[in-house]
Amino acid sequence: MTKLIIDISKYILLILIAIYTFQSYSVFKKKDEDAKEFLFLRQNALMFAIHFVAFVVFYLRMEEPTLFYFYGAQAIYLAAVLVLFRNLYPKASKLLINNMCMLITVGFIMLTRISYDQSIRQFKILAVATVVALLVPIIIRKFRFLSKWTYVYAVLGLGLLGVVAVLGNETYGAKMQLDIGAFSFQPSEFVKIIFVFCVAGMLAKSTSFLQVVKATAIAALHVLILVASTDLGSALIFFLTYLLMLYVATRDWRYLAAGLLAGALAAVVAYFLFSHVRVRVQIWQDPFASYAGDGYQVAQSLFSIAAGGWFGTGLYQGSPTAIPIVEQDFMFSAIAEELGGLFAMCVILICMSCFIMIVNIAMKMEKTFYKLTALGLGCTYAVQVFLTVGGAMKMIPMTGVTFPLISYGGSSIMSTVLMFAIVQGFYISRREKRPPMPYYGGYPPYPDQGYYPPYGAPPYGNPPYPNDGYDPYSRQNMPPHYQEPVEDYIDGEYSDYEENPRRRNETGRAAR
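The opening position of the sequence shown corresponds to residue 260 in my numbering, with each subsequent residue numbered one higher.
There's no promise every hint is true.
Below, simulated DSSO-like cross-link-like pairs (lysine-lysine); rule was C-alpha separation at most 30 Å, straight line [as the list claims (entries may be wrong)]: (1) LYS626 / LYS288; (2) LYS623 / LYS289; (3) LYS290 / LYS350; (4) LYS464 / LYS630; (5) LYS383 / LYS289; (6) LYS289 / LYS626; (7) LYS473 / LYS623; (8) LYS653 / LYS295; (9) LYS262 / LYS350; (10) LYS623 / LYS350; (11) LYS473 / LYS630; (12) LYS473 / LYS626; (13) LYS383 / LYS464; (14) LYS290 / LYS653; (15) LYS401 / LYS262; (16) LYS295 / LYS630; (17) LYS290 / LYS630; (18) LYS383 / LYS473; (19) LYS383 / LYS350.
Source of the hints: derived by calculation from the structure; they are not laboratory data.
The structure displayed is predicted, hence computed values, not measured ones.
Take the sequences, apply the hints, and build the full model.
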């Protein structure tokens with residue numbers, strides 16, 4: 260009977276996540292807000308259903324007396340995240356919240372299946388990270404000078420990576436983590452965020468050749484320190500993120516081509532300089548040639564994916580623990596084996612939905628700094644997903660990076676939750692309604708009547724402004740008490756009027 264329930268459960272789980280994934284993309288076509296809200300609520304119901312079905316299987320197979328309480332704690336956590344974000348930040352992206360919680364749910368399920376103790380530790384770390392993440396949008400809204408700390412970000416990021424390179428503990432051939440008492444963390448996971456802020460600040464200030472050289476030098480220092488620590492997965496994430504941010508900021512394909520060429524040359528040099536790199540490449544070429552040695556991990560990953568097929572073996576019907584360090588490096592293989600290739604594809608599509616939404620948010624940002632920061636964080640997330648999935652499938656050499664929000668790793672899940680919260684903060688700041696700026700024209704005298712309409716929106720008709728070049732929106736034609744420096748108010752939002760010389764020299768009407 261138990262085996263029958265497990266066999267049926269894998270099809271139920273697949274149907275539920277397939278519906279959820281379809282809704283993650285169909286929401287982009289909906290225009291009606293009520294229809295979107297109803298779709299988001301259906302996604303929440305599907306997520307809780309997936310969580311419940313999986314824990315029913317765990318209850319039948321595991322002999323953990325605290326399993327019921329652990330399930331309740333996870334369900335309360337997911338509900339609290341949804342309720343708190345919706346109520347504290349009504350303007351937040353609900354799709355991004357739902358997708359984040361869905362990926363966390365998949366992580367809960369697979370970690371509980373693989374290691375109950377590790378799942379409990381991950382849950383505690385995630386709870387702390389979420390409390391901090393709830394404060395991030397407030398910090399972004401209050402601290403308007405984040406773009407000014409460019410060199411502070413550079414010094415902090417390089418300093419943390421340097422400390423790890425000198426004092427870090429070596430794990431699986433790479434110096435990645437620091438131990439402080441009973442706690443250990445991986446600074447490179449947090450430096451990813453700092454690095455994006457640093458690059459965005461530099462490129463938002465200017466995209467001149469000299470500024471690009473400075474930004475490239477700082478980015479190269481980050482990458483070189485990581486290579487010296489043999490943390491090649493993180494080095495690749497930093498490199499690709501910088502290259503994409505540079506191309507978007509400059510729109511110059513020559514920088515992109517030069518970066519790709521430099522990356523290819525650096526890869527060749529690393530192959531001859533580091534035995535660690537040569538081993539990874541040899542494993543990628545033929546993992547079965549060294550099946551009893553270094554190739555065992557990748558070979559077992561391929562066996563797991565093949566054993567799962569399209570529909571999976573079912574929870575507790577496979578052997579994902581046969582893959583060494585499966586909970587960190589090969590969680591995708593574990594999902595594909597027990598939940599099926601189709602389920603794993605749905606997880607990838609949900610990750611892609613997150614990236615699409617983050618890029619969409621980035622493109623709507625008025626300030627260049629916010630645009631580049633959101634884009635950089637989205638690229639960091641997407642590159643990491645690609646590296647972990649590609650490594651598990653032998654599409655690319657194994658890099659040892661975690662599957663964001665799913666794999667075991669306190670530093671990884673904390674940094675990813677913070678990245679999502681930062682993007683949410685940008686999105687919320689953009690959508691918040693602000694009181695309109697006063698009407699600056701001298702005709703008609705709205706301010707004297709106590710009426711303050713939105714910028715460029717008279718309450719009646721088109722006033723008879725002269726057609727001889729007079730512009731009531733011009734600062735020179737404002738009443739004297741309105742000529743102090745103010746932010747430009749465009750399309751219902753404050754823009755970077757005072758920070759952007761080009762827009763400051765244009766009139767309000769021309770800027771629109």
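Inset, instruction - Decide if the proposed pair is consistent with the structure: LYS626 and LYS288, CA atoms, cutoff 30 Å inclusive. - result: Cα-Cα ~27 Å, so holds.
Inset, instruction - Mind checking the alpha carbons of LYS295 and LYS630 for me, to see if they're no more than 30 Å apart? - result: Holds, at roughly 25 Å.
Legend entry - 30 Å Cα cutoff - pair LYS383, LYS289: violated, 37 Å
Inset, instruction - Would you mind confirming whether the straight-line C-alpha gap from LYS383 to LYS464 stays at or under 30 Å? - result: Not OK: LYS383 and LYS464 at ~40 Å, beyond 30 Å, violated.
Legend entry - Given pair status - LYS262, LYS401, alpha carbons within 30 Å: violated, 55 Å
Inset, instruction - Quickly compare the C-alpha distance for LYS473 and LYS630 to 30 Å and report which way the hint goes. - result: holds, 20 Å
Legend entry - Given hint LYS350 paired with LYS290 - CA-CA distance at most 30 Å: At roughly 16 Å apart (the allowed maximum being 30 Å), LYS350 and LYS290 satisfy the hint.
Legend entry - Given pair status - LYS350, LYS262, alpha carbons within 30 Å: Answer violated: LYS262 to LYS350 is near 45 Å, above 30 Å.
Inset, instruction - Measure nothing beyond the straight line between the CA atoms of LYS383 and LYS350; if it is 30 Å or shorter, mark the hint as holding. - result: holds, 28 Å
Legend entry - Pair hint LYS290 and LYS630, alpha-carbon separation not exceeding 30 Å: holds, 24 Å
Legend entry - Satisfaction of hint between LYS653 and LYS290, Cα-Cα up to 30 Å: violated, 41 Å
Legend entry - Holds or violated: LYS473 to LYS623, with C-alpha atoms at most 30 Å apart: Holds, at about 27 Å.
Of the numbered hints stated above, those contradicted by the structure are hints 5, 8, 9, 13, 14, 15, 18, listed in ascending order.
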